[in-house]
Amino acid sequence: MTDMTDQSIVPGTRPDLPPPVTESGVIGWLRHNLFSSWWDSLLTLSAIYIVYLIVPPFISWAFVNADWQFLPSVISGEKAPEFSDCTSGGACWIFVRARFGQFFYGFYPDAERWRVNLVLVMLVASIYGLLSERIKNKKPIAWFFFAVFPLLAFFLLYGGIGLPVVPTQQWGGFMLTLTLAGIGIVFSLPIGILLALGRRSQLPIVHLLCVLFIEFARGVPLITILFMANVMLPLFLPQGVEFNILLRVLIGVTLFASAYMAEVIRGGLQALPKGQYEGAMAMGLGYWAMMRLIIMPQALRVAIPGIVNNFISLTQDTTLVAIVGLYDFLNIVRAGSRDSNWIGTEIEGYVFCAFVYWIFCFAMSRYSMRIERKLQTGHKR
Amino acid sequence: MSTQAQANPSGADLAISDEVMIGLTGVNKWYGQFHVLKDIDLTVLKGERIVICGPSGSGKSTLIRCINRLEEHQRGRIVVDGIELTHDLKNIEKVRREVGMVFQHFNLFPHLTVLDNLTLAPIWVKKVPKKEAEEVAMHYLKRVKIPEQAGKFPGQLSGGQQQRVAIARSLCMSPKVMLFDEPTSALDPEMIKEVLDVMIELARSGMTMICVTHEMGFARTVANRVIFMDKGEIIEQNEPEEFFNNPKSDRTKLFLSQILHH
Chain A
947 MTDMTDQSIV PGTRPDLPPP VTESGVIGWL RHNLFSSWWD SLLTLSAIYI
997 VYLIVPPFIS WAFVNADWQF LPSVISGEKA PEFSDCTSGG ACWIFVRARF
1047 GQFFYGFYPD AERWRVNLVL VMLVASIYGL LSERIKNKKP IAWFFFAVFP
1097 LLAFFLLYGG IGLPVVPTQQ WGGFMLTLTL AGIGIVFSLP IGILLALGRR
1147 SQLPIVHLLC VLFIEFARGV PLITILFMAN VMLPLFLPQG VEFNILLRVL
1197 IGVTLFASAY MAEVIRGGLQ ALPKGQYEGA MAMGLGYWAM MRLIIMPQAL
1247 RVAIPGIVNN FISLTQDTTL VAIVGLYDFL NIVRAGSRDS NWIGTEIEGY
1297 VFCAFVYWIF CFAMSRYSMR IERKLQTGHK R
Chain B
4 MSTQAQANPS GADLAISDEV MIGLTGVNKW YGQFHVLKDI DLTVLKGERI
54 VICGPSGSGK STLIRCINRL EEHQRGRIVV DGIELTHDLK NIEKVRREVG
104 MVFQHFNLFP HLTVLDNLTL APIWVKKVPK KEAEEVAMHY LKRVKIPEQA
154 GKFPGQLSGG QQQRVAIARS LCMSPKVMLF DEPTSALDPE MIKEVLDVMI
204 ELARSGMTMI CVTHEMGFAR TVANRVIFMD KGEIIEQNEP EEFFNNPKSD
254 RTKLFLSQIL HH
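Top line first, the protein sequences correspond to chains A and B. The first sequence begins at 947 in our numbering and counts up one residue at a time. The second sequence begins at 4 in our numbering and counts up one residue at a time.
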């Protein structure tokens, strides 16, 4: 029995020992992750082989053997650049360089392109201001971004008040893609929130209308909605009323995205325990105050991955506007590589396009992951 | 009245006015086909401290949730501080402003700090200036003995602390009645006492309270009336001494023997 008392241990006095070598370090990592069984090892080796087959040829095509520089005769202005200037057999990036202005601004007149640049600078600056953690007082930025900026951007891009008008037919390229995606994102979120609330509403008519709208928009492909926006909408309007094609497409894209947004947000709403509603109601908060202060901040937080996912697919879906005759980024790059001077540059065009879309969508995805992590560590339930 | 209450430590001696605070007459409620509340008549006077007990499913939670309209009754009348609860949203919100509620699972708002949890309703419902609301909030946090937690989020607190924050949150609206829906049932044994202490202190300050709880020690200490419910009916109600020592109905005796001698 004396042994038993001798064994009594003060908690926390035994030293922490390092784990065995085979469990840590590079060897441990390899053993755990790549070669933990013969099947695992087989997969690892075949994956390495596939990477070997694909990556080196791509690198040699895109970088090592690629043409980057204009010919001296092009720089001196003696001749226009063309596909035959590319001689090394790799990627012909001269194409992208020569066409860059059009890829970016579409048919926007050269002399007015500063307006697009100005809008872009304001956009990037205010998004940075809204998202940066270093800037604490976001209220004035938010006011600028949501109230002043849209008007300013409209007058700068379209014209009026002293600026020459640039009709939307001349908008195109990356600028058009950004306009479509940006407006779609900014409007689909609030409309989606309202639709989601409406779908969960106790009022039968509101509920029914929201369900009908959401299920209709989700049940129809975006292409169909774009065709309808293009062909059918004018039928319903009185004769002689001109309705801008870009505006029609914007409305179509926004409503389509709103329906998806509504469902993602509804998921977030359903993840909240009933007690949150009861806690808020018991304090005497009315419906809208409860939604704004208690429910939505939490529901949106839960829904962030889905919301960003929708943003990303919306950005990619904007390429579909090509079928109603708009020259968005992808369409203008495609058109460029069909130019008789540039026959044979389709691969370069698509790779460039894919790269630009990827940068944007990947940035959104990374950013959403960062917010999620931050919110998780900030306040757990 | 509150000074008199504090002078008298024992629950039974606390002053009760003859002013009616809550009146329920012939209240009936159904969940679909299930008849949860059957002809409930209950009058609560100002300053009364009522404990409701009974087996699970007896309708005791539903009863107090009807008092601030978290549940809707289908027949009968509920009048709180002179305001009848009907479909009129204005009246419902008015009643909720005067009736505080503490839940089994606290229902704090996890995305807000403790201080913001406390000031939210005063600022948005009562339109109290932010600074004043924060002063009131700190006063009540001191009263529930956790002023140092004001800047934390609910998830960083223990269950007992969260429940005390929830009580303080209700008090910030200066309610005339406090409803407690099994406030200690979700707590670890070590934390029950700290919450009960706050509730006892609150009772002694003269607050009108209705508590659904199985803490019989608490009932003996502060309640002036204990109500026993089963199957949607009030079976028996009495002063705590009589209720515990001399229960009238067999159902009450059985219930008491089960919860007191396990």
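Simulated from the structure, these hints should not be mistaken for laboratory data. In this text the structure is predicted, and so the values were computed from the model without any measurement. Glycine included, each C-beta is placed from N, C-alpha and C at the ideal position. Be a bit skeptical, because a hint or two may be false.
35 Å max Cα-Cα, derived DSBU-like pairs, lysine-lysine [claimed, not checked]:
1) B:Lys41 x A:Lys1085
2) B:Lys133 x A:Lys1220
3) A:Lys1220 x B:Lys251
4) A:Lys1082 x B:Lys251
5) B:Lys93 x A:Lys1082
6) B:Lys155 x B:Lys133
7) B:Lys134 x A:Lys1220
8) B:Lys49 x B:Lys130
9) B:Lys234 x B:Lys129
10) A:Lys1084 x A:Lys1220
11) B:Lys155 x A:Lys1084
12) A:Lys1082 x B:Lys179
13) A:Lys1082 x B:Lys234
14) B:Lys134 x B:Lys148
15) A:Lys1085 x B:Lys196
16) B:Lys41 x A:Lys1084
17) B:Lys145 x A:Lys1320
18) B:Lys148 x A:Lys1082
19) A:Lys1320 x A:Lys1082
20) A:Lys1220 x B:Lys179
21) B:Lys134 x B:Lys93
22) B:Lys251 x A:Lys1320
23) A:Lys1085 x B:Lys251
24) B:Lys134 x A:Lys1085
25) A:Lys1082 x B:Lys41
26) B:Lys234 x B:Lys148
27) A:Lys1085 x B:Lys49
28) A:Lys1082 x B:Lys49
29) B:Lys145 x B:Lys41
Far from chain A, some chain B residues (derived; all Cβ distances over 10 Å) [said to hold, decoys possible]:
30) Gly103
31) His108
32) Ala124
For each hint, the structure was consulted:
1. B:Lys41 x A:Lys1085: Since the Cα atoms of Lys41 (chain B) and Lys1085 (chain A) sit roughly 54 Å apart, the hinted pair is violated (cutoff 35 Å).
2. B:Lys133 x A:Lys1220: 28 Å, holds
3. A:Lys1220 x B:Lys251: With Cα atoms ~38 Å apart, Lys1220 (chain A) and Lys251 (chain B) exceed 35 Å; violated.
4. A:Lys1082 x B:Lys251: Not satisfied, since the Cα-Cα distance of roughly 65 Å exceeds 35 Å.
5. B:Lys93 x A:Lys1082: 38 Å, violated
6. B:Lys155 x B:Lys133: 18 Å, holds
7. B:Lys134 x A:Lys1220: 31 Å, holds
8. B:Lys49 x B:Lys130: 26 Å, holds
9. B:Lys234 x B:Lys129: At roughly 38 Å apart (the allowed maximum being 35 Å), Lys129 (chain B) and Lys234 (chain B) break the hint.
10. A:Lys1084 x A:Lys1220: This hinted pair holds, its Cα atoms lying about 32 Å apart.
11. B:Lys155 x A:Lys1084: 23 Å, holds
12. A:Lys1082 x B:Lys179: 40 Å, violated
13. A:Lys1082 x B:Lys234: 56 Å, violated
14. B:Lys134 x B:Lys148: The given pair, whose Cα atoms are some 21 Å apart, holds under the 35 Å limit.
15. A:Lys1085 x B:Lys196: With Cα atoms ~44 Å apart, Lys1085 (chain A) and Lys196 (chain B) exceed 35 Å; violated.
16. B:Lys41 x A:Lys1084: 55 Å, violated
17. B:Lys145 x A:Lys1320: 31 Å, holds
18. B:Lys148 x A:Lys1082: 32 Å, holds
19. A:Lys1320 x A:Lys1082: 16 Å, holds
20. A:Lys1220 x B:Lys179: Between Lys1220 (chain A) and Lys179 (chain B) the Cα gap is close to 25 Å, so the pair holds against 35 Å.
21. B:Lys134 x B:Lys93: 27 Å, holds
22. B:Lys251 x A:Lys1320: 59 Å, violated
23. A:Lys1085 x B:Lys251: 65 Å, violated
24. B:Lys134 x A:Lys1085: Holds - the C-alpha atoms of Lys1085 (chain A) and Lys134 (chain B) are around 20 Å apart, at most 35 Å.
25. A:Lys1082 x B:Lys41: 56 Å, violated
26. B:Lys234 x B:Lys148: Violated - the C-alpha atoms of Lys148 (chain B) and Lys234 (chain B) are around 39 Å apart, more than 35 Å.
27. A:Lys1085 x B:Lys49: 46 Å, violated
28. A:Lys1082 x B:Lys49: Roughly 48 Å between the alpha carbons, so the hint for Lys1082 (chain A) and Lys49 (chain B) is violated.
29. B:Lys145 x B:Lys41: Between Lys145 (chain B) and Lys41 (chain B) the Cα gap is close to 41 Å, so the pair fails against 35 Å, i.e. violated.
30. Gly103: At about 8 Å from chain A, Gly103 (chain B) fails to clear the 10 Å cut-off, so the statement is violated.
31. His108: 5 Å, violated
32. Ala124: 4 Å, violated
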